[in-house]
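Visitor: At position 121 of the sequence shown the residue is numbered 214 (our numbering), and the sequence of numbers has no breaks.
Warning: the hint list may mix true and false statements.
Cut-off 20 Å, straight-line C-alpha distance, at most; resulting in silico cross-link-like pairs (SDA-like, lysine to any residue) [stated by the list, open to error]:
hint, residue 1, residue 2
1, Lys306, Pro284
2, Lys222, Asp249
3, Lys306, Thr338
4, Lys222, Phe323
5, Lys222, Lys306
Restraint-style ranges between C-beta atoms, simulated for each label pair [as the list claims (entries may be wrong)]:
hint, residue 1, residue 2, range
6, Leu166, Gln336, 35 to 43 Å
7, Glu397, Glu198, 25 to 33 Å
8, Lys224, Arg309, 20 to 28 Å
9, Ser126, Asp180, 20 to 28 Å
10, Lys131, Asp249, 43 to 51 Å
11, Lys302, Ala385, 26 to 34 Å
12, Val435, Asp180, 39 to 47 Å
13, Asp408, Pro228, 24 to 32 Å
Don't read these hints as lab results, they were simulated from the structure.
The structure presented is a predicted model; accordingly, all values stated were derived computationally and were not measured.
Think of the CB as a built atom: it goes at the ideal place given N, C-alpha and C, for glycine as much as any other residue.
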Amino acid sequence: MKSPVRSTSELAAALGISRWTVSRALNGHPGISPETTKRIREAARRHGFAPSVLGRGLRTGKTTIIGVCLPDLVDYFLTSKISRLQDAIESRGFHPVMQMTNGSEEREEAALANFAAMHCAGVISIASKLKPTNPGLRGLDSSSISVVKIDPLHPDHIRVVASNRVLAMQEALTHLHELGHRRIVALGIRPDTAYGQQRVVGLQTACQKLGWKWKRDVQLLNASAIADDFDAGAALAKEYLEQPTPRARAIVAINDRVALGAMRVLQAHGLKVPKDVSIIGYDNADFSPYAAPSLTSIDPQVSELIDAAVALLLDESGRKKAPSTTPTLIPTRLVVRDSTGV
Numbered sequence: 094m095k096s097p098v099r100s101t102s103e104l105a106a107a108l109g110i111s112r113w114t115v116s117r118a119l120n121g122h123p124g125i126s127p128e129t130t131k132r133i134r135e136a137a138r139r140h141g142f143a144p145s146v147l148g149r150g151l152r153t154g155k156t157t158i159i160g161v162c163l164p165d166l167v168d169y170f171l172t173s174k175i176s177r178l179q180d181a182i183e184s185r186g187f188h189p190v191m192q193m194t195n196g197s198e199e200r201e202e203a204a205l206a207n208f209a210a211m212h213c214a215g216v217i218s219i220a221s222k223l224k225p226t227n228p229g230l231r232g233l234d235s236s237s238i239s240v241v242k243i244d245p246l247h248p249d250h251i252r253v254v255a256s257n258r259v260l261a262m263q264e265a266l267t268h269l270h271e272l273g274h275r276r277i278v279a280l281g282i283r284p285d286t287a288y289g290q291q292r293v294v295g296l297q298t299a300c301q302k303l304g305w306k307w308k309r310d311v312q313l314l315n316a317s318a319i320a321d322d323f324d325a326g327a328a329l330a331k332e333y334l335e336q337p338t339p340r341a342r343a344i345v346a347i348n349d350r351v352a353l354g355a356m357r358v359l360q361a362h363g364l365k366v367p368k369d370v371s372i373i374g375y376d377n378a379d380f381s382p383y384a385a386p387s388l389t390s391i392d393p394q395v396s397e398l399i400d401a402a403v404a405l406l407l408d409e410s411g412r413k414k415a416p417s418t419t420p421t422l423i424p425t426r427l428v429v430r431d432s433t434g435v
């Protein structure tokens, strides 16, 4: 069995190369050839050696750690793309450390304090609730630790990558207009929430472009929207069925879970989708193609969101880009399936 090594100097001596080369290879520096990097990393594994990124941080003031704040692991958007985020960070020679906030501002502040203590190279915060004036964010700025936010509730941070929800609603209503629909109900979209407000702007903009009248041709139905799950969709569909006839014959839901919950209730009451009612969801969830009928949905292009955020934080072009309070908006994509028609 190979004897363990305890430092880059010992590993370099065992390989007969310089400590400088070993250090740069283990830290993913692009100046070292892939063959040399592979040889050094394989030797490190054989000798049971793992460099201390925290120890390096104490010596240099920075590590290769990227702190990631996650609100939860229940939401489809997060669980489906965590591996994508990890791969994007690791492919650049950095190491993600993830902390859950459960949607709590206090936990998010504590996570940021931990990341600062770790001398992180940067931080990515998803669905952040903190305002730019928050002391935790200012503390990172004073430590020269850059923060990029993905879809924050307060988009006036200097580095933000967000889904273009305004465009998404315009695409949805344009599609329904092209199919001949003239009255729309939006399920679960609330103007008193950050993300809902963006969608309402998109709906109102589409109304103007299509010559429709807001609240007459496009209505918000959200009285039961205390959640955004299947049960909420079912409850909202029951409210829809209680509306006086003739009802709107097209629905735009806040997400695919609400859309599917609504679809099931409407079908149980004898309505056919899309013959009687067209339905559009949001998220393009994995189950959407397998709904009956398959669900037309807005794809928020989460992979592009993640790639843009990591590039903004870690790539040379992103680091050289002047800080701006104008968010980088990622366009959505309407995936048309069988739940929309006339």
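Visitor: Could you run down the list of hints and mark each one as holding or not?
Guide: Hints, one by one, checked against the model:
1. Lys306 to Pro284: Since the Cα atoms of Lys306 and Pro284 sit roughly 17 Å apart, the hinted pair holds (cutoff 20 Å).
2. Lys222 to Asp249: Given that 20 Å is the threshold and the Cα spacing comes to 12 Å, the pair holds.
3. Lys306 to Thr338: It holds: about 19 Å lies between the C-alpha atoms, which stays within 20 Å.
4. Lys222 to Phe323: 25 Å, violated
5. Lys222 to Lys306: 33 Å, violated
6. Leu166 to Gln336: 35 to 43 Å: 37 Å, holds
7. Glu397 to Glu198: 25 to 33 Å: 28 Å Cβ-Cβ, so the 25 to 33 Å window holds.
8. Lys224 to Arg309: 20 to 28 Å: Given a distance of about 36 Å, which is not inside 20 to 28 Å, the answer is violated.
9. Ser126 to Asp180: 20 to 28 Å: 22 Å, holds
10. Lys131 to Asp249: 43 to 51 Å: Check passed, 44 Å falls within 43 to 51 Å.
11. Lys302 to Ala385: 26 to 34 Å: Roughly 33 Å apart at Cβ, these two residues keep to the hinted range, so it holds.
12. Val435 to Asp180: 39 to 47 Å: 42 Å, holds
13. Asp408 to Pro228: 24 to 32 Å: 29 Å, holds
Checked against the numbered hints above, the structure breaks hints 4, 5 and 8 and satisfies the rest.
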